[in-house]
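S.K.: Hints in hand, dock the two standalone chains.
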Amino acid sequence: MLDGSFSTVGVIAIVLMFISLVILLGPIFARGFGAFVFKGTVEYRKLMLDKFGRGDRERIIAEVAGAAKTREPVYELMEQFRVELKEKDYDYRSRYGQPFKELEELVEDLFGPAPGSSMPVLVRGQYGQTRWDRANVKLGNILFIEEYDYSDSSKMGELVLVPRADLFAGTSLEPLFRLLESDIEKMMRPRTTVYWRFLFDGSYDSHFFGGIWPELLGTFYLAIGAMLFAVPLGVITAIYLAEYAGDSRFVSLLRTCISSLAGVPSIVFGLFGLAFFINAIHVSPSKSVLAGSFTLALLVLPTVIRASEEAIKAVPRSYKEGAMSLGAGKWRTVVTVILPAALPGILTSIIISLGRAAGETAPIIFTAAVSVGKPLALWETMSQPTPALPWNIYNLATEHEAVDEIRHVQYGMVVTLIVLVLLLNITAIVLRARISKKLRG
Amino acid sequence: MPDVIKTADSERLRDGLLMSKGALRMQSVGALAGRSILIAIASSSLIAILFIFYFIIRDALPFFQIEGIREFLTSTRWYPSREEAEFGALAIFFGSALVTLGAVVVAVPMGVLAALCLSDILPFSIRQVVKPVIEMLAAIPSVVYGFFALVVFAPLMQERGGSMLAAGAWIIFAPLAVLATAVLSDLLSSRLDGKARLVSQIVSVALVGGLFLAGLLRMHGFLVGLTIVSGTNALNVSIILGIMALPTIVSVSEDALNAVGRDLREGSYALGATRAETLLRVVVPAARSGIMAAVILGVMRAIGETMVVWMASGNAARIPGPWFNFLEPIRTLTATIAGDMGEADHVTGSARYHVLFVMALCLLMFAFISNLASEIILRRARKRGSV
Chain A
4 MLDGSFSTVG VIAIVLMFIS LVILLGPIFA RGFGAFVFKG TVEYRKLMLD
54 KFGRGDRERI IAEVAGAAKT REPVYELMEQ FRVELKEKDY DYRSRYGQPF
104 KELEELVEDL FGPAPGSSMP VLVRGQYGQT RWDRANVKLG NILFIEEYDY
154 SDSSKMGELV LVPRADLFAG TSLEPLFRLL ESDIEKMMRP RTTVYWRFLF
204 DGSYDSHFFG GIWPELLGTF YLAIGAMLFA VPLGVITAIY LAEYAGDSRF
254 VSLLRTCISS LAGVPSIVFG LFGLAFFINA IHVSPSKSVL AGSFTLALLV
304 LPTVIRASEE AIKAVPRSYK EGAMSLGAGK WRTVVTVILP AALPGILTSI
354 IISLGRAAGE TAPIIFTAAV SVGKPLALWE TMSQPTPALP WNIYNLATEH
404 EAVDEIRHVQ YGMVVTLIVL VLLLNITAIV LRARISKKLR G
Chain B
64 MPDVIKTADS ERLRDGLLMS KGALRMQSVG ALAGRSILIA IASSSLIAIL
114 FIFYFIIRDA LPFFQIEGIR EFLTSTRWYP SREEAEFGAL AIFFGSALVT
164 LGAVVVAVPM GVLAALCLSD ILPFSIRQVV KPVIEMLAAI PSVVYGFFAL
214 VVFAPLMQER GGSMLAAGAW IIFAPLAVLA TAVLSDLLSS RLDGKARLVS
264 QIVSVALVGG LFLAGLLRMH GFLVGLTIVS GTNALNVSII LGIMALPTIV
314 SVSEDALNAV GRDLREGSYA LGATRAETLL RVVVPAARSG IMAAVILGVM
364 RAIGETMVVW MASGNAARIP GPWFNFLEPI RTLTATIAGD MGEADHVTGS
414 ARYHVLFVMA LCLLMFAFIS NLASEIILRR ARKRGSV
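Respectively, the protein sequence lines represent chains A and B. The numbering of the first sequence is the working numbering, which starts it at 4 and goes up by one. The numbering of the second sequence is the working numbering, which starts it at 64 and goes up by one.
Here chain B stands alone, though its shape is the one from the complex (with noise of 0.2 Å):
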């Protein structure tokens, strides 16, 4: 071919199939802007981050300039519009701590247990149905979960606080305690054989549920008996939180358990375990790390909420009687920024408006190094599951 062919024509040819030097060198040049363009824009959340840290960092220092940060963390003490005010926040810090537990108490045993039972326990038509009512829970905005805590539930807790707590505590450890008693009852007798094993059974479960109901009948009179004075109180605010926390429990808990795989599932029931067994043993142990993920983004959300804690919480800063006690008002961090940001903005400069930036940046911290923590533990789940 290439004696064929003139040197000319080949010039030629070469021309209409190649591009010419100027032309190469213009698409590598729009090749690299247009690259660097791409990668700017998407670093814009990279900007981001480090301008949210930068800006929140920068109004909250001039707080530890004016007052310094000894009485911030130690005292109780919560007077910013006084003359002499006072910034002890540790009320407040307590107050996030206090409905963060009580929304883990409420959404993680639940969050998981649904999980399990969406990931192994129901067949796949039921799934579709419940998928969408989670994502409906996670859609519905917090101030209508906060409106629904301030207007329907507070007031109903104030009135039929007793009862109302009663049937809860039936509704979630009736079912649990079905369940100790099963798994008690399966452990004393498994030793056992043939008939000595059935009688076993049947005593142990007479002993042990027996056992179990005369505490929640006690329960029950305890609770029954109890008088709410304010219907927004630690308690209503951790419950909201909770069923707030859940879908995220939910979703993130049943990615990690879908993502056990088929293999050691079936591994285990080849070994005659049952479906139960398997789960204990096998699968949740296998997903721990991813569950332990799902907690610490529950914990987030319940942590950073706003609207529910500020509408419902009862906003007293100081810290209940006995420690624990969840039917007192308490303060969140986040409740504070919302609420005392009106009355400090027109006072930018003054420690008032700095104080609730050193709170915004604690909420930061925290939410940054949770987040780390649970990407870094999920991808060593990652790592180890695909080896």
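Only chain A is shown next, with the shape it has when bound in the complex (with noise of 0.2 Å):
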């Protein structure tokens, strides 16, 4: 009985551990797969075509001049009202006014700025919804007013949905709700969009468009340029610790350190590099790409050394006893034989590494992170700062203006960030398990 309960505990805690992952991953997954796959409407297919020159440019001309034939009613109606506010008297403009005034600005959100009116300047503006889901969501907003209702004053307000049509009954404006509703499939076209390129787009207008390429591609910057200086440090010191140090007190205050350096939390890591990188050695003016690989690397050294000492020892000792008896020195033994004999598995500690380099925010806030910017060329890292997908995540999901609005991008960040360090990670699981096999084989 003891037995029996103290086992289903323990795998009660084990299989909590599965849950928290599933439940993790799971939501991450499910949405962030939309940010590739989805409904796009017939404005995605015109902004695509008008920034990236994508698509067939006649047939997606006559889509959105189909589309615009079927809105047509719509601002008809609107137009007949706004004739019918002008002709009647204060009390029903001043009833209606400000209602109508919501009610357009929320259809403008929809299907865009109304043809004929002028152009807005930030890109937002110039198209209506591009996803079916969110145009569901403004559709929804044109249709029910959101109001709370505090009635009961022990709980916290409830969330009621008032039709806005009541709000306009017996007006010439009603029909507009029914034909909204009935019509808006044929309104916005959607059809189910491949978006591969989420990750190779630029974005547009602070990320309501387009993709995550600079985020990406600043994110490789940073952990590439981490590694070149962690691996070749990390990997001296491992050779160090693993084939010439003793048991001498001075390793020991070495490997204090190495483990020292692994406990610092990584705020401080973002705070040293400012303080030292940026405002003492000046290695670039202000943030730069530069300035956050180095703090990187210092952030990934000790894994770095502890893992690559771990395969330098793994490899078997008559390996080193072979190559020694044949008359090769200490120095020559380590290069030709040890190091290629433990190649896989330092590169198995590299790839974990440059995962943790990945997906890093605290250390680069202050030394390499912004988040709008273009992608940067190979030469401008030396002085830049760069967009940076972890930062971007922390940005889009925050700070950024219209959170919600952009919910799909933040969620293809995450996966995309996600995607790239598991993998990376599970390559140096397969590595790893190929390794040990033919070491014990």
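Derived by calculation from the structure, the hints in this document are not laboratory data. Computed from a predicted model, the values in this text were never measured in an experiment. Think of the CB as a built atom: it goes at the ideal place given N, C-alpha and C, for glycine as much as any other residue.
Where chain B lies over chain A, by a calculated footprint (3+ residues, C-beta under 8 Å): (1) 8-19; (2) 241-248; (3) 255-262; (4) 302-316; (5) 362-368; (6) 408-421.
M.R.: This is the structure in structure tokens:
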């Protein structure tokens, strides 16, 4: 009885771990998928044609025209009401003026600027809703007004949906709502769209449209830059620790330093990067990829050292003894025999550290990351800051002016980052399994 | 041999086999140089640690000159941007401590149990599946956890807070209650024999189990009735931080458990102990220090984490109502550094800039000391194990 329940509790702990992984990744993958595959409206295809020159020009123009035709009745009804509003008395105007203005804005939000009106400056204003799910949300905003019912004071206010049509009951605008509800599909023409170029497109109007290429590229620069500094340092240190260092006091101090470095909170690395690389030795005038890479390199250094040392130590003694007995010197043995044999293991450590560097946010906040920027050319990384996936996930999810409008971009970024990191880690796991099989067999 | 070969020949022979004095010196100089370069490069992490301490302290010191330290440690009024700036960080320290405590409560029981399960209970084949899961949990970037906490978890908590908490409480406490019932009934009836033992076991299981069940139902009722005003609060962050600290705790304590030799386990079994007895009385006590080190490392992970707390803790610099009220927003050291630096950046040299370095110094000292502690514990354990 005791035995059984003890095992059960242990198994439950493990199952809980599984569940938390599934709960964490499930919604993110499900919604992140929506950044790549979704129902795009006619506005989406128009945008793609205008901004990226993609798609069959004539067909899209014809489609846009078709959609515009089905939208005509909506605009006609609104025009009619506008005229009516002008003709009626003050009471009528003050009663319907404000609600009508609100409605006009909502319709513009859904369909883009009305025909004949001036083009807004921001790209987000020039097009209607490009995604069918967002279009439906906007349509819901037109059809219903969200109100909170505070009648029960003991509870929090409850959400009540009031049809907007009630507001305009008895006016010439009333049929508009039914029309919108029934014909929205014709007006927006949703079609399943695969947008794999989400990864490789630049963003328009601070991530309202387009993809995440600047962020992805920035992440690559930062992670690979960090490895460029961390790998030579880390591997040489590992060689020293595994092959040359004895058990002296200096070596144990060194090991303590390595584990302390591993324990430093990532945000402290960020502050150090700011204080040292930027303010003290001026590797760049302000934030730059270079400063960020240096900071990240310090962060991953202990990981590289430890894993490489393990890989070097896992090389069978006989290899080393064989080389030595053939007359090779110590350094020669290390370079020509031990390192090649340990290479897959070292590679594993590099891959894991690469994933770690790609996902870290705190160290690059003050040293490398900006929220909006162009993809950098290689030489610009020495002096320019860059957008990067982890930082922009934070930025878009908390500081962006329209957080709810661009959820799909946020999820898309998160999924890209997770897939990147997990792919790296799975590669490492597979590689490690193969090495251990080889060393055993 | 030496007689046969003439001197000149032997000179030539020696030149062929051995190196000349010059070459020998060259080589030893080369080796020395190589070795020093090697040591220099290997010391990079030593230098890095020294530099980190130096530069953090250098930028932290001016704060003490400008503002002094009393207000910083005793006041809870954090208004760095006001005309009359106030730098009372007590509430922020408290916030860090609170979420870390929460994370420990979430992660330690689960992590240690999972580690026990991995090292002693589950068969090898299942272990091979679980390990990658733990690695994946560890590999997921912290900003992703933060995003999840903010965008998925917080709204869920706000809308269905009560029932979610109740479900969570059932998942956690029901198995523990079952375990406690089993342990207690075993203890209560261990002195008896035969039929009396069976009866006593049944009675005690019914009694203790009923008691626990009543308690759980009561808690359920309380939790379901709870409304959560804001989903971005200490509880949310604690749970997520707990999950993030889990991989560290599991892998370090599993290592410690595995280091407890087979001989101890077999000895215990040979004396007639059951598996649970062996685990509780022999294996866990033997691995105590390793588990302790695991907990310390988990705490370090939780307290040093930035993105999750910055995104999902609510960032309110005050001590919650009753201090243990996890449903209120809090603010932590790491989040304050990350959040305030953006504004303080442009006024380098002000107290507002330097106070963040003071916070970083506190974090750094804490991390450094707990790292040393865990290392000393582990080293001592290793020494004892080898004897």
